[in-house]
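S.K.: Join these two chains into a complex; the hints should help.
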Amino acid sequence: MDTDLSSQDRKDLDKFIKFFALKTVQVIVQARLGEKICTRSSSSPTGSDWFNLAIKDIPEVTHEAKKALAGQLPAVGRSMCVEISLKTSEGDSMELEIWCLEMNEKCDKEIKVSYTVYNRLSLLLKSLLAITRVTPAYRLSRKQGHEYVILYRIYFGEVQLSGLGEGFQTVRVGTVGTPVGTITLSCAYRINLAFMSTRQFERTPPIMGIIIDHFVDRPYPSSSPMHPCNYRAGEDNGAVYPSVEDSQEVCTTSFSTSPPSQCVFTVTKAHFQTPPPVVTDTLKVPVMGLAFSHQPAALGVGSADMGYPVLFAGGLNAAHPHQLIGPGKEGGVPPVPSQPTHGTQADQERMCTPLDGVHYSAATPSSSEDTETVSNSSEGKCGSPHDLLETIFIRKVGAFVNKPINQVTMANLDIPFAMFAPKNVELEDNDPMVNPPESPETESPLQGSLHSEGSSGSSTGNTHDDFVMIDFKPAFSKDDILPMDLGTFYREFQNPPQLSSLSIDIGAQSMAEDLDSLPEKLAVHEKNVKEFDAFVETLQ
Amino acid sequence: MVGPGRSRCCAPSSAGRAMNCRAEVLEVSVEGRQVEEAMLAVLHTILLHRSTGKFHYKKEGTYSIGTVGTQDVDCDFIDFAYVRVSSEELDRALRKAVGEFKDALRGSGSDGMGQISLEFYQKKKSRWPFSDECIPWELWTIKVNVVNLANEQERQICREKVGEKLCEKIINIVEVMNRHEYLPKMPTQSEVDNVFDTSLKDVQPYLYKISYQITDSLGTSVTTTMRRLIKDTLAL
Numbered sequence: 031m032d033t034d035l036s037s038q039d040r041k042d043l044d045k046f047i048k049f050f051a052l053k054t055v056q057v058i059v060q061a062r063l064g065e066k067i068c069t070r071s072s073s074s075p076t077g078s079d080w081f082n083l084a085i086k087d088i089p090e091v092t093h094e095a096k097k098a099l100a101g102q103l104p105a106v107g108r109s110m111c112v113e114i115s116l117k118t119s120e121g122d123s124m125e126l127e128i129w130c131l132e133m134n135e136k137c138d139k140e141i142k143v144s145y146t147v148y149n150r151l152s153l154l155l156k157s158l159l160a161i162t163r164v165t166p167a168y169r170l171s172r173k174q175g176h177e178y179v180i181l182y183r184i185y186f187g188e189v190q191l192s193g194l195g196e197g198f199q200t201v202r203v204g205t206v207g208t209p210v211g212t213i214t215l216s217c218a219y220r221i222n223l224a225f226m227s228t229r230q231f232e233r234t235p236p237i238m239g240i241i242i243d244h245f246v247d248r249p250y251p252s253s254s255p256m257h258p259c260n261y262r263a264g265e266d267n268g269a270v271y272p273s274v275e276d277s278q279e280v281c282t283t284s285f286s287t288s289p290p291s292q293c294v295f296t297v298t299k300a301h302f303q304t305p306p307p308v309v310t311d312t313l314k315v316p317v318m319g320l321a322f323s324h325q326p327a328a329l330g331v332g333s334a335d336m337g338y339p340v341l342f343a344g345g346l347n348a349a350h351p352h353q354l355i356g357p358g359k360e361g362g363v364p365p366v367p368s369q370p371t372h373g374t375q376a377d378q379e380r381m382c383t384p385l386d387g388v389h390y391s392a393a394t395p396s397s398s399e400d401t402e403t404v405s406n407s408s409e410g411k412c413g414s415p416h417d418l419l420e421t422i423f424i425r426k427v428g429a430f431v432n433k434p435i436n437q438v439t440m441a442n443l444d445i446p447f448a449m450f451a452p453k454n455v456e457l458e459d460n461d462p463m464v465n466p467p468e469s470p471e472t473e474s475p476l477q478g479s480l481h482s483e484g485s486s487g488s489s490t491g492n493t494h495d496d497f498v499m500i501d502f503k504p505a506f507s508k509d510d511i512l513p514m515d516l517g518t519f520y521r522e523f524q525n526p527p528q529l530s531s532l533s534i535d536i537g538a539q540s541m542a543e544d545l546d547s548l549p550e551k552l553a554v555h556e557k558n559v560k561e562f563d564a565f566v567e568t569l570q
Numbered sequence: 072m073v074g075p076g077r078s079r080c081c082a083p084s085s086a087g088r089a090m091n092c093r094a095e096v097l098e099v100s101v102e103g104r105q106v107e108e109a110m111l112a113v114l115h116t117i118l119l120h121r122s123t124g125k126f127h128y129k130k131e132g133t134y135s136i137g138t139v140g141t142q143d144v145d146c147d148f149i150d151f152a153y154v155r156v157s158s159e160e161l162d163r164a165l166r167k168a169v170g171e172f173k174d175a176l177r178g179s180g181s182d183g184m185g186q187i188s189l190e191f192y193q194k195k196k197s198r199w200p201f202s203d204e205c206i207p208w209e210l211w212t213i214k215v216n217v218v219n220l221a222n223e224q225e226r227q228i229c230r231e232k233v234g235e236k237l238c239e240k241i242i243n244i245v246e247v248m249n250r251h252e253y254l255p256k257m258p259t260q261s262e263v264d265n266v267f268d269t270s271l272k273d274v275q276p277y278l279y280k281i282s283y284q285i286t287d288s289l290g291t292s293v294t295t296t297m298r299r300l301i302k303d304t305l306a307l
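Taken in sequence, the protein lines are chains A and B.
Residues in the first sequence are numbered from 31 upward in steps of one, following this note's numbering.
Residues in the second sequence are numbered from 72 upward in steps of one, following this note's numbering.
The shape of chain B in the complex, shown without the other chains (with noise of 0.2 Å):
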């Protein structure tokens, strides 16, 4: 997933280290408005497993953890809720994502199918001159289908069709965060930023990056836009 040129923080990983990356990949159909609410309860739910308290490191190495808030969020559009980390840096930096993918769909050349993927990765330092190295460990990817209603009985039905199928979702992602798979081992305090995103004032989520895919009526791919939602981009 490399997109246009940007200022990047770290080189895409190599095809090689790709192979300990774990991917999840899950499938929604909905709606052009609840497309935002579906994207956020998803990720949401994500991150509220990958997020940590802000490790405070003391002397002799040892750290203590901050507390993790939670709260409950309803949608309008969708006959769900869903429990997210209490952050509101969090929470603006997936809206904005999302809010930006929502538009892509809506723009021309889509028929409403896209993809958004979350992306959990590690940071790698490499010597000057080369950037360092990003390598994921476990890859979200959402599939977007939005479709169109006609009336609003099929509306209402959707609302609830959707709500289920959202509870399918977190079920699904509970049971892959559940396996105790791979996870990065809890570092250093000189190494916390390879890890884990210290840039927000109060939770601690791991390294992670947005990106989304719109796909044409043919198929491919028209639009790869690479959004980096990491404080520190460093530039060569």
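Chain A extracted, bound-state conformation (with noise of 0.2 Å):
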């Protein structure tokens, strides 16, 4: 332990970067989730977001994260990593991507933690979003659906790069310098996908011979199971906000906005009084197995493969709130700024009246708490998802076999605006068994529009009601004003009756009929010979 490091600095730290792990981990997940992530920037801080960053917490990441962890920090040798790895539907997997967060020995003892540090962290998530956006692996996963997964695993230790293959490639996200190591964040990830077009993951039969003879065997059977990264069905874009908001909302009420003065972070007793109990109420979207199988049978069966996905419950933030609060000096003397600057321009001057009473120390045992909390719930959540994908399974099978071959997939038209999409969609069903029931999970959001968006909770919403034949939908073609689309009227009236003048059969009547009324129409207009004749001699 560093006797420069104060005892609360060294606690601070410790928190910033557990809970930059946990941040991490979300962000890469979400990242690989296949739909567009938007959160919502708010100018009153709600004391819930760390790092002053709108990051989603989805429960079973932050449980998956924390279960890695088992209450350890990076540090020296023990890095964190989160592996994405591709899984197609004939079973065959192939890791993508491997993200690790490593420290190492270089320590920088003047850099103020709770401060410099903090922003740092900050600014390093930034970055993270920005390059998750930017390996290969983003746009293979949001074109996953039918075909392939996104999975994803981590794992804390050493870093395991030989499952990329040859030649991989490694971006460096960036470093925080800290007074007991430099953190690290960087990705390894395999390129030989990079000159694969996603169009071979597209709508073709069987794409076994682009995926090289990869383990099928987790090479590491004692480490963290795959988890697939997928939605949660009947969460279209538009929804992300109200959960967004809610689980703001429901930290906001747990946790107090308003800062102690003299403090930096203001983390209060009272923040803590309140375990998130509200974490099992919203874990109401049941787990759902994973999505691809070639029997049955293993759907039952515990393997390492048999993972949860992810899904967007109304994502409960399990970290406890947190507020930057600046302190500074007022009046007189040199304009303190209330935060020391970066890099050269540190100042003596400031800062920082001392972090007395920074309440960390009531943190502690909360977040213990919490933790026991979440993983209470979500052991309690499990246990409901083995019965719950049972049960499905079965009613999904029915389904599956009675249907006709369908012309196209809602996947694989990859239609803009599909969420406004009526809402029948039906499933590639080529070999039922291939798509198994958990399938519409897995599928891309435009199944978000089976579900109603009150259904904010629920995918057991997937009855087979939502497996009906489509009709082809063409872009663009939502009509608000005639209750039908481009391609429903273009095929309606693709075929018009004939014009009844240029019907035969009518015609040959109607002539009859002209002929009748011949000598009657003469007679009109003998009787109004004298007006043709005026109206004649006008036009001379």
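Source of the hints: derived by calculation from the structure; they are not laboratory data.
Given the structure is predicted, the values throughout are model-derived calculations rather than measurements.
Be careful, since some hints might not be right.
[Claimed, not checked] Keeping only pairs whose Cα atoms sit at most 30 Å apart, straight-line, the calculated DSSO-like set for lysine-lysine is:
| no. | chain 1 | residue 1 | chain 2 | residue 2 |
| --- | --- | --- | --- | --- |
| 1 | B | Lys167 | B | Lys195 |
| 2 | B | Lys195 | A | Lys142 |
| 3 | A | Lys41 | B | Lys256 |
| 4 | B | Lys236 | A | Lys66 |
| 5 | B | Lys214 | B | Lys167 |
| 6 | B | Lys240 | A | Lys66 |
| 7 | A | Lys48 | B | Lys256 |
| 8 | A | Lys66 | B | Lys129 |
| 9 | A | Lys142 | B | Lys236 |
[Said to hold, decoys possible] Sample of chain B residues lacking proximity to chain A, with all beta carbon distances greater than 10 Å (derived):
| no. | residue |
| --- | --- |
| 10 | Arg104 |
| 11 | Ser188 |
| 12 | Thr212 |
Just so you know, even glycine gets a beta-carbon here, dropped at the ideal spot from N, CA and C.
M.R.: Following this line, the structure appears as structure tokens:
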């Protein structure tokens, strides 16, 4: 333990690193869910957003991360790694990326923990947000659905890059020096996928040829199971806002936003007295089994691959709320900025009212309490999904078998604004066994239209009603005025009935009628002869 | 980068001070219809790193910071997606500047080459009658070369290639940000407008201005326009 670092600073630093690790995992997994992420800026601090960034917390992901960390923090030789891999419907899998949060021995003793380290960690998270969209796996994950899913796995310890194949590339997201070491965040990603156009993962017959014989057995059987990166069905982009706000609101009610005046970080005891039992409340999303399986029996097997999908349950923030406050000196003399500068401009006159009474001591017991609550609730949740799984599986088989072959699936159409498409979607069922019941969970956000917006928690709405034959929906074809879209309109009016005057039968009939009516017409015209003559004269 | 006579909020910085200004240059070659999205992607990525939540000063000099939200943006003409700050005002401001740049590029006298610059600066108050001084501390220049493509196949390849190029640019930007070089000191309440743009409702970027230059075929600059996207434009 460094004598230079006060115990309070040490506690702060540990807390920052812990929540930084959790947020890192959230950002990475959410970036591989396959849908666009959107969170709101808030000008007034809600007291619930770590590093002043609105990053939702998916409870399952937090749970997995905490499980992997097991109370430890990244340290030299002990890195936290998030492995992103791809698994096809045929069961082949391939590691795509490994994201590593490492710590090395290079210390920066001069740096201020509460301000500089915190702000730099915030910047690093922003960089992570940017970089996660830039690696090849992002585009693949946006197109996941029938043919493949993206899975994640968190482990702690030595970084294992062997699964990435030859010639993998690395990109460094950033580093932050701290008094106990330098935190480094980087990503190693497979590149031979970069040459594969994502087209190859669209609707084509078996793609076995593309996936080189990648091992299916995990080389590290003792490591954590893989989990699919999935979206929660029933949530389209618009619903992201409410759930984010819900989670923030919940945290706001639990955690006061008013800071004590002296302290840098207003984490008061009061904040933590309410453990988030709400976590349990919002975890109403049932857990579905893995998307792909060849034999139904495998679904019941507790193999390493039987993780649970990451679902955007009404995301509660399992992390503690946090608020950055900078003390400063008032009036008089040199206007003391509220935070130290970065880098070269560090100023001695600055700061810091000593951080007395930053109540992290109160936080610590609560955080473990928090952990327990989360894990309890998660465990409680885990019990049910398997049951649910079985039930739904049985239901789904029937639905699949009776369906006729569709023309085109929504997932492959890649229709813009598809969430506005009518709520009839059919799944590809070349092989009902290949597309197991859970596939609605794994499909593109297009499926979101299946479920009402109100069903923020329930993805059990996948009843067999959802699998209905759909019509082809051309892009940009939504019409608010007519209750039909362009495709339907086109088909319906493609073969309009013939004009009555052009049809022979009718024509024949009217001919006869015309002939009969001629004498009458002639009589009328004869009566008006004078008018006609006058008219003709005006023309001449 | 001095523009034609427009109301200006501060005098241009002296050469001496410019020495402290960190400058980065990025170059891209894009098709005409990709200009807007490519520029927005780069500018938004930079501003994501250079924006914080709104400061709320309380008594005794403490302040709290709001929350910055983010959202994904998909490009229509490029196989690319990027993250930007969730702020409609900021997005509008950038779109306006980029739109003007794009129009200028399309205009006559240009062979499709130009550059757009994003400068972060600090204001230093001067006594009357001198206007405040603007001291840049970071300057990003994006050089653009517009190419014309003959057929659809080339366009498709261009989509992918430009997407890959932009990925590289994002990595470059992040590398620079990661160096943790000079950033202005966190200001007190009275000084905050000299460091940050506090005019936006939901986020608070560092003070910045965007300008652009179009090069004609002779390589000389024909149009230099300065656009100030900051709220307060003081006039002497």
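S.K.: Against this structure, judge whether each hint is valid.
M.R.: Hint-by-hint comparison with the structure:
1. B/Lys167 x B/Lys195: The given pair, whose Cα atoms are some 27 Å apart, holds under the 30 Å limit.
2. B/Lys195 x A/Lys142: Status holds; Cα separation ~27 Å.
3. A/Lys41 x B/Lys256: Holds: lysine 41 of chain A and lysine 256 of chain B sit about 25 Å apart, inside 30 Å.
4. B/Lys236 x A/Lys66: At roughly 21 Å apart (the allowed maximum being 30 Å), lysine 66 of chain A and lysine 236 of chain B satisfy the hint.
5. B/Lys214 x B/Lys167: 18 Å, holds
6. B/Lys240 x A/Lys66: Holds, because 21 Å separates the two Cα atoms, which is no more than 30 Å.
7. A/Lys48 x B/Lys256: Cα-Cα ~27 Å, so holds.
8. A/Lys66 x B/Lys129: Answer violated: lysine 66 of chain A to lysine 129 of chain B is near 36 Å, above 30 Å.
9. A/Lys142 x B/Lys236: 37 Å, violated
10. Arg104: Holds: least Cβ distance 17 Å, greater than 10 Å.
11. Ser188: 20 Å, holds
12. Thr212: 19 Å, holds
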